Amino acid sequence: MRPQLVVMVKEPLPGRVKTRLGRDLGMTASAWWFRHQVAALLRRIESPKWETVLAVAPDHAGMQSRVWPEHLPRIAQGGGDLGDRMARVFRSAAPGPVCIIGADIPGITKDRISEAFQALGNHDATFGPAPDGGYWLVGMKRVGPVPSGLFEGVRWSSEHALADSKATMKDLRIGHVATLRDVDTVADLKALKHLSR
36 MRPQLVVMVK EPLPGRVKTR LGRDLGMTAS AWWFRHQVAA LLRRIESPKW ETVLAVAPDH
96 AGMQSRVWPE HLPRIAQGGG DLGDRMARVF RSAAPGPVCI IGADIPGITK DRISEAFQAL
156 GNHDATFGPA PDGGYWLVGM KRVGPVPSGL FEGVRWSSEH ALADSKATMK DLRIGHVATL
216 RDVDTVADLK ALKHLSR
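Quick note, the sequence shown lines up with residues 36 to 232 if you use the numbering used here.
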């Protein structure tokens, strides 16, 4: 079984995605940015070394969507907060290592994904931190059962998200890979442009 890379995506509808960015750019422009960011990301990260799977939301619209590449398998994210949805992915995926990434991180490359799967060689779980206290990647080797309280009580969209998530992985050996910035605001976009010069 190849490792699985699961990309969490939402239908790129104005007012449904990147709403914080939309307050500065306009909701249509932020949805357009997200749609094109995801398309570029998927082109960059597909590899024969792992299976790329889209975890789509909302469930019905995402499974039927013509926005995302048809050749990539899809699963519905289901209900609940982000933790509920990611825990469901880890519990329901085929056997073997799984990494989950967000779709709004322009710095993700095949090399970064390879590093994460390599980190699972001698760790039970791994995180790709973000500068704001969250993370762009979480991976699990899944040789034993997934922790029962995985991601419960995490303060999402806060500087505590990474620390809270690690606290739900009791007794697991946790590794880290590169820190990458996600895009939530115009300031994030400007910071990325500055870094790419």
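Since the hints were derived computationally from the structure, they do not count as laboratory data.
On a predicted model such as this, the values are computed, not experimentally measured, just so you know.
From the three backbone atoms N, C-alpha and C, an ideal C-beta is built for every residue, glycine too.
Keep in mind that a hint or two might mislead.
Here are the simulated lysine-lysine pairs, DSSO-like style, with alpha carbons at most 30 Å apart [what the hints assert, rightly or not]: (1) K176 / K205; (2) K145 / K201; (3) K201 / K84; (4) K145 / K225; (5) K45 / K145; (6) K45 / K176; (7) K176 / K201; (8) K84 / K176; (9) K84 / K45; (10) K45 / K225; (11) K225 / K176; (12) K84 / K145; (13) K45 / K228; (14) K201 / K45; (15) K176 / K228.
With beta-carbon atoms standing in for the labels, derived distance ranges [claimed, not checked]: (16) W67 / P180: 38 to 46 Å; (17) D116 / V178: 21 to 29 Å; (18) T144 / P104: 12 to 20 Å; (19) I209 / P93: 15 to 23 Å; (20) K225 / S183: 37 to 45 Å; (21) T54 / P180: 31 to 39 Å; (22) R208 / V102: 36 to 44 Å; (23) R37 / P93: 26 to 34 Å; (24) G131 / K225: 36 to 44 Å; (25) P180 / P49: 19 to 27 Å; (26) G113 / H195: 31 to 39 Å; (27) L227 / V178: 17 to 25 Å.
Against the structure, the hints:
no.	hint	verdict
1	K176 / K205	holds (15 Å)
2	K145 / K201	holds (24 Å)
3	K201 / K84	holds (27 Å)
4	K145 / K225	holds (24 Å)
5	K45 / K145	holds (22 Å)
6	K45 / K176	holds (26 Å)
7	K176 / K201	holds (15 Å)
8	K84 / K176	holds (15 Å)
9	K84 / K45	holds (25 Å)
10	K45 / K225	holds (23 Å)
11	K225 / K176	violated (35 Å)
12	K84 / K145	holds (10 Å)
13	K45 / K228	holds (24 Å)
14	K201 / K45	holds (25 Å)
15	K176 / K228	violated (34 Å)
16	W67 / P180: 38 to 46 Å	holds (42 Å)
17	D116 / V178: 21 to 29 Å	holds (26 Å)
18	T144 / P104: 12 to 20 Å	holds (18 Å)
19	I209 / P93: 15 to 23 Å	violated (32 Å)
20	K225 / S183: 37 to 45 Å	holds (42 Å)
21	T54 / P180: 31 to 39 Å	holds (36 Å)
22	R208 / V102: 36 to 44 Å	holds (38 Å)
23	R37 / P93: 26 to 34 Å	holds (28 Å)
24	G131 / K225: 36 to 44 Å	holds (39 Å)
25	P180 / P49: 19 to 27 Å	violated (41 Å)
26	G113 / H195: 31 to 39 Å	violated (24 Å)
27	L227 / V178: 17 to 25 Å	violated (36 Å)
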